[in-house]
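Generate the whole structure from the sequences, applying the supplied hints.
Protein chains: 4
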Amino acid sequence: MSATSSAPVFAGVVPPVATPLLDDGSIDHVSLARLVDRLVSEGVSGLFALGSTGETAYFTDDQRVELLRTIVSVNADRVPVIAGAIELTAPRIIETARRLIDAGAQAIVTTAPLYTLNSATEVADHFRTIAAAIDAPLWAYDVPVRVHSKLGIDLLVQLGTEGVIHGVKDSSGDDVSFRRLIAANDAAGRPLQLLTGHEVVVDAMALAGADGVVPGLANVEAVGYVRLWEAAKTGDWVTARTEQERINRLFDIVFQPKGLSGDATGVGAFKAAMHARGIIDHATMANTVQALDADAVSRIRAILDELHLLPVAVG
Amino acid sequence: MSATSSAPVFAGVVPPVATPLLDDGSIDHVSLARLVDRLVSEGVSGLFALGSTGETAYFTDDQRVELLRTIVSVNADRVPVIAGAIELTAPRIIETARRLIDAGAQAIVTTAPLYTLNSATEVADHFRTIAAAIDAPLWAYDVPVRVHSKLGIDLLVQLGTEGVIHGVKDSSGDDVSFRRLIAANDAAGRPLQLLTGHEVVVDAMALAGADGVVPGLANVEAVGYVRLWEAAKTGDWVTARTEQERINRLFDIVFQPKGLSGDATGVGAFKAAMHARGIIDHATMANTVQALDADAVSRIRAILDELHLLPVAVG
Amino acid sequence: MSATSSAPVFAGVVPPVATPLLDDGSIDHVSLARLVDRLVSEGVSGLFALGSTGETAYFTDDQRVELLRTIVSVNADRVPVIAGAIELTAPRIIETARRLIDAGAQAIVTTAPLYTLNSATEVADHFRTIAAAIDAPLWAYDVPVRVHSKLGIDLLVQLGTEGVIHGVKDSSGDDVSFRRLIAANDAAGRPLQLLTGHEVVVDAMALAGADGVVPGLANVEAVGYVRLWEAAKTGDWVTARTEQERINRLFDIVFQPKGLSGDATGVGAFKAAMHARGIIDHATMANTVQALDADAVSRIRAILDELHLLPVAVG
Amino acid sequence: MSATSSAPVFAGVVPPVATPLLDDGSIDHVSLARLVDRLVSEGVSGLFALGSTGETAYFTDDQRVELLRTIVSVNADRVPVIAGAIELTAPRIIETARRLIDAGAQAIVTTAPLYTLNSATEVADHFRTIAAAIDAPLWAYDVPVRVHSKLGIDLLVQLGTEGVIHGVKDSSGDDVSFRRLIAANDAAGRPLQLLTGHEVVVDAMALAGADGVVPGLANVEAVGYVRLWEAAKTGDWVTARTEQERINRLFDIVFQPKGLSGDATGVGAFKAAMHARGIIDHATMANTVQALDADAVSRIRAILDELHLLPVAVG
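Chains as they are written, first to last, in the numbering used here: chain A, 1 to 315; chain B, 1 to 315; chain C, 1 to 315; chain D, 1 to 315.
A hint or two may mislead.
Derived, one-sided and incomplete: chain A residues facing chain C with beta-carbon distance under 8 Å [unchecked claim]:
1) Gly173
2) Asp174
3) Asp175
4) Ala183
5) Trp237
6) Arg241
7) Asn248
Listed next, with one range per pair, are the computed distances between beta-carbon atoms [stated by the list, open to error]:
8) B/Ala187 x A/Gly278: 51 to 61 Å
9) C/Thr60 x D/Val145: 24 to 34 Å
10) A/Thr121 x B/Asp37: 34 to 44 Å
11) C/Val176 x D/Val176: 35 to 45 Å
Anything over 12 Å on all C-beta distances counts as not near chain D; from chain C, calculated [stated by the list, open to error]:
12) Ser6
13) His29
14) Val40
15) Val72
16) Ser73
17) Gly104
18) Asp174
19) Ala184
20) Pro191
21) Arg227
22) Ser298
23) Arg301
24) Leu307
25) Val312
Don't read these hints as lab results, they were simulated from the structure. Being a predicted model, the structure only gives us computed values, none of them experimental. Every residue gets a Cβ at the ideal spot worked out from N, C-alpha and C, and that includes glycine.
Rendered as structure tokens:
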């Protein structure tokens with residue numbers, strides 16, 4: 001699908017939706033519906049389904065479709081939905097993406113190939129092959145900590161100019177490169193929407209020219225990001241920064257688990273906090289990912305309490 | 001499936017079968033049949049289907065099944081067949097592995113999770129989950145250049161002792177670690193078969209105690225590896241080394257392509273040489289992988305010619 | 001030396017001084033004097049002598065002392081001078097640092113050990129050992145691309161709280177970590193001054209709370225950074241961003257050399273531009289570092305010309 | 001110095017000499033003399049002074065000279081001595097190397113530049129610059145875990161052919177690359193001596209064509225390596241392997257410390273074992289490197305005991 005005016009716009013606050021699970025590891029559709037409804041009600045401008053925060057790599061395509069159907073259904077066209085098609089290479093990504101588009105995804109986001117050893121030329125052809133085979137706008141996801149290669153600025157702007165990709169989610173942790181991508185995109189007539197995945201520097205990245213943010217932490221509280229983004233849009237940088245600093249104290253929850261894996265720690269902290277706030281019914285992690293211990297959960301609750309984010313007991 | 005005396009043995013020369021393709025990128029079953037028959041005829045002791053040399057990451061599961069069926073059919077039970085189930089995580093690997101077992105794979109080999117960020121504990125559970133869900137012996141594939149993490153010695157020996165895995169294909173390029181794995185496996189009563197993936201040091205790794213080798217280069221010529229391995233088994237290390245050194249001159253084909261990706265270079269050189277030798281009808285690479293240029297192919301032919309490995313013209 | 005109110009303050013724009021060389025590779029003191037005088041005249045608030053931009057690793061301690069003496073002499077106490085003592089480990093750093101302090105350095109900055117394989121505990125002791133042995137405030141320099149390890153937030157704040165280090169130059173390229181360091185430093189009562197080494201995101205890092213910047217590009221033009229920083233200090237973020245964007249166009253000079261090393265490219269572009277602007281008499285690089293080709297120099301001149309930064313011919 | 005027939009030959013077992021320290025961290029010349037005499041008496045064919053096992057990075061040049069003088073004096077020309085000049089770049093390495101040559105080093109070994117960001121062309125010029133400035137044969141030391149870059153095969157053979165370097169100590173842990181270096185060196189007429197730094201695969205590397213080994217573990221026991229090498233030279237690979245396997249059980253001492261840095265662990269285990277065997281009087285580590293705990297020392301003693309390597313009490 002080529003870039004047209006009818007393509008859905010992903011800008012502002014576009015949280016990656018977490019995946020609530022029942023104790024047996026199956027999908028908790030009730031909690032997922034509650035989460036999605038809450039995110040949209042808090043004012044987010046789009047939903048990023050089946051991303052890393054959604055533990056998407058741990059689910060089969062049948063489960064991914066099941067998850068996406070609930071997200072799309074509860075959202076009820078209030079905001080646009082983009083879905084991650086995380087797979088090894090173009091032929092496999094196309095299979096997954098087509099199923100997600102059938103299930104209601106309005107755009108697809110994917111990474112460079114996994115497992116393979118490719119050149120930049122081959123990575124460009126990878127995105128071209130996918131874009132040509134699916135009937136939805138394609139976005140590029142730059143997450144070197146997982147993919148182990150970085151998408152270059154020239155590559156991204158070239159693919160944008162060709163209409164192959166419509167935007168980039170940047171989780172590269174490289175602010176110099178992201179700033180240069182913004183400038184190169186501007187110089188090319190802004191073919192790309194540019195979202196940062198780093199939830200603790202949104203004010204700074206907004207000042208630098210980002211179009212939006214994909215904050216995993218918004219699963220715990222989205223309204224702060226909405227306020228931050230509104231302030232930034234109006235040039236009220238002091239308010240934006242103040243909100244960011246409050247949010248960053250909340251982000252300290254991800255540093256409470258000790259000795260666990262990256263996936264157990266980050267998503268685990270989000271789920272523990274969501275559970276403490278009553279947003280989801282269980283903090284169960286995807287299969288094989290270790291659970292937080294009680295001490296970590298307790299420290300996470302203390303941070304929520306300090307920020308007045310624990311639910312008030314009714315009675 | 002627990003380790004039992006009925007599990008197929010993979011030892012000696014177990015080449016990873018390359019995937020011949022027609023010019024349009026579809027599977028060239030005629031060339032594949034010729035290749036498999038040649039490998040078995042040259043005396044290999046097993047076949048490793050759907051590995052990295054087989055470009056397996058670039059194929060859908062339907063294509064993988066199609067490939068495996070031809071390999072299994074042509075092999076006709078002459079040697080055991082192990083198949084790679086390369087996917088992101090346990091639930092997805094299990095789906096792929098079951099289809100491959102149905103298609104005739106006698107064992108399954110897979111890696112640590114891809115894309116995710118896991119601890120050693122989680123990686124161990126990953127292998128346990130897969131082994132418990134499939135009806136064939138499981139092997140571990142250690143290839144950090146693609147998976148971006150290394151399987152630890154303690155982890156592997158523990159999983160072997162539990163009967164979770166039956167063997168390891170080591171493509172880590174870390175000879176110190178491999179030597180220590182051999183010693184640790186010996187100390188544990190040899191629960192694991194240990195194969196090296198490094199085709200240029202087979203004599204040395206045989207001396208060190210490896211049980212076999214998975215040489216991609218055997219797609220070009222397998223008989224040299226068979227001779228090398230026979231010599232090593234009888235303690236004739238001078239002959240083993242001499243054969244290795246001849247093979248290593250052949251391996252120089254992979255250094256002839258310039259400026260291409262890792263996948264284009266290595267498998268590309270194998271395919272160019274196989275094509276020059278008449279083993280496959282086309283040197284076509286998997287979709288998005290770049291082709292070698294004529295100069296590289298010419299240099300590869302020159303090496304084959306020097307080693308008397310080009311076919312004699314009939315007339 | 002413990003942190004006291006008499007310690008020199010390094011904040012705002014603190015450029016790393018480049019090292020002009022004669023054609024034979026010896027130090028060009030005339031150009032160096034011109035450069036230092038220009039930097040101070042343009043309004044910088046401190047000088048960072050003998051850093052990476054100054055090619056310090058390529059010089060002997062005798063040469064380093066010689067360089068520093070000219071910098072200190074020309075500066076004539078107008079702004080404070082901090083000097084890099086880049087060496088392998090504490091005992092060697094102390095030797096170098098003492099010579100630099102004797103030559104006029106008012107503070108010393110150094111990295112974690114080089115070449116060795118140390119734990120965080122050992123790195124902390126490394127800084128403690130150095131601080132105890134020298135008679136000047138110590139700063140930590142975090143530059144993982146050169147040191148191949150990252151200084152942790154807890155480590156830095158702990159060393160700040162102990163009075164071991166007075167500040168950090170962060171060239172880690174990790175904006176998430178830098179933002180968290182700012183917050184942790186605030187929470188600890190601000191024992192550290194925090195400077196970013198990334199010249200293209202100064203507006204954003206100022207918004208985030210950085211105390212200053214160490215911009216290599218200021219060797220080419222410092223006045224833009226001074227304007228940027230003044231605007232940021234007064235909360236005029238739009239002006240700060242506009243100036244940053246103009247500066248970032250200038251930074252494109254570092255992407256003009258092709259196929260050279262990191263050191264040849266970055267410092268080489270700075271020196272070529274400084275030479276084109278008449279700030280230094282030769283663009284000679286340190287011994288063994290390759291020179292730019294004429295095409296790269298020409299492209300660099302074109303960028304300077306576009307930004308009206310070339311000198312007007314007199315006549 | 002160009003390669004001539006008068007250059008000292010380093011082949012066979014060339015241990016890197018550890019640095020015994022008194023409790024106050026100063027050099028323990030008595031223990032050092034005992035160690036050197038023991039190594040030479042056990043039959044080693046050369047001494048590698050001031051390498052990583054010697055903790056050379058932690059010492060000033062004055063200390064390095066002091067250490068080397070004792071080694072040279074005790075050795076008394078029985079075997080050739082090569083010394084590491086580990087510093088940042090050519091100008092600094094030359095200063096150190098000249099002092100070491102004056103103190104009796106018969107050859108110098110160094111790495112690619114540290115801290116800097118160089119191309120292969122620049123690294124080649126680095127070695128050329130050093131070789132031209134010193135009056136002793138130069139060797140290259142390839143240790144990516146410390147230098148964070150790998151010396152390429154083409155580079156090394158080119159420098160060998162030019163007479164710039166006389167040999168290579170390979171601690172790259174990349175057996176495929178080392179095997180290819182051996183072949184490339186053979187094809188070029190063997191300008192280089194090739195030593196492996198990996199003490200647990202000496203039998204295999206000898207079979208592959210290595211000229212010798214630099215085993216840190218020989219500080220604990222050298223005679224096993226001497227026996228191993230003698231067996232390999234006579235083609236008795238079964239004896240070589242048997243000796244290697246005994247040695248590798250001894251090498252398990254380096255896996256007994258838990259949670260310490262790389263330097264604390266490896267050299268720490270060697271020193272603890274040397275101390276237990278009575279070879280050195282104190283197990284003191286270089287400044288800032290953490291000491292082993294009593295449990296680790298106890299486990300190390302148990303391994304020595306099992307292998308009958310503890311001294312017999314006299315009474």
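Results for each hint:
{"no.": "1", "hint": "Gly173", "in the structure": "holds (6 Å)"}
{"no.": "2", "hint": "Asp174", "in the structure": "holds (6 Å)"}
{"no.": "3", "hint": "Asp175", "in the structure": "holds (4 Å)"}
{"no.": "4", "hint": "Ala183", "in the structure": "holds (6 Å)"}
{"no.": "5", "hint": "Trp237", "in the structure": "holds (5 Å)"}
{"no.": "6", "hint": "Arg241", "in the structure": "holds (6 Å)"}
{"no.": "7", "hint": "Asn248", "in the structure": "holds (6 Å)"}
{"no.": "8", "hint": "B/Ala187 x A/Gly278: 51 to 61 Å", "in the structure": "holds (52 Å)"}
{"no.": "9", "hint": "C/Thr60 x D/Val145: 24 to 34 Å", "in the structure": "holds (27 Å)"}
{"no.": "10", "hint": "A/Thr121 x B/Asp37: 34 to 44 Å", "in the structure": "holds (35 Å)"}
{"no.": "11", "hint": "C/Val176 x D/Val176: 35 to 45 Å", "in the structure": "holds (37 Å)"}
{"no.": "12", "hint": "Ser6", "in the structure": "holds (29 Å)"}
{"no.": "13", "hint": "His29", "in the structure": "holds (18 Å)"}
{"no.": "14", "hint": "Val40", "in the structure": "holds (28 Å)"}
{"no.": "15", "hint": "Val72", "in the structure": "holds (22 Å)"}
{"no.": "16", "hint": "Ser73", "in the structure": "holds (23 Å)"}
{"no.": "17", "hint": "Gly104", "in the structure": "holds (22 Å)"}
{"no.": "18", "hint": "Asp174", "in the structure": "holds (18 Å)"}
{"no.": "19", "hint": "Ala184", "in the structure": "holds (24 Å)"}
{"no.": "20", "hint": "Pro191", "in the structure": "holds (22 Å)"}
{"no.": "21", "hint": "Arg227", "in the structure": "holds (30 Å)"}
{"no.": "22", "hint": "Ser298", "in the structure": "holds (21 Å)"}
{"no.": "23", "hint": "Arg301", "in the structure": "holds (24 Å)"}
{"no.": "24", "hint": "Leu307", "in the structure": "holds (27 Å)"}
{"no.": "25", "hint": "Val312", "in the structure": "holds (35 Å)"}
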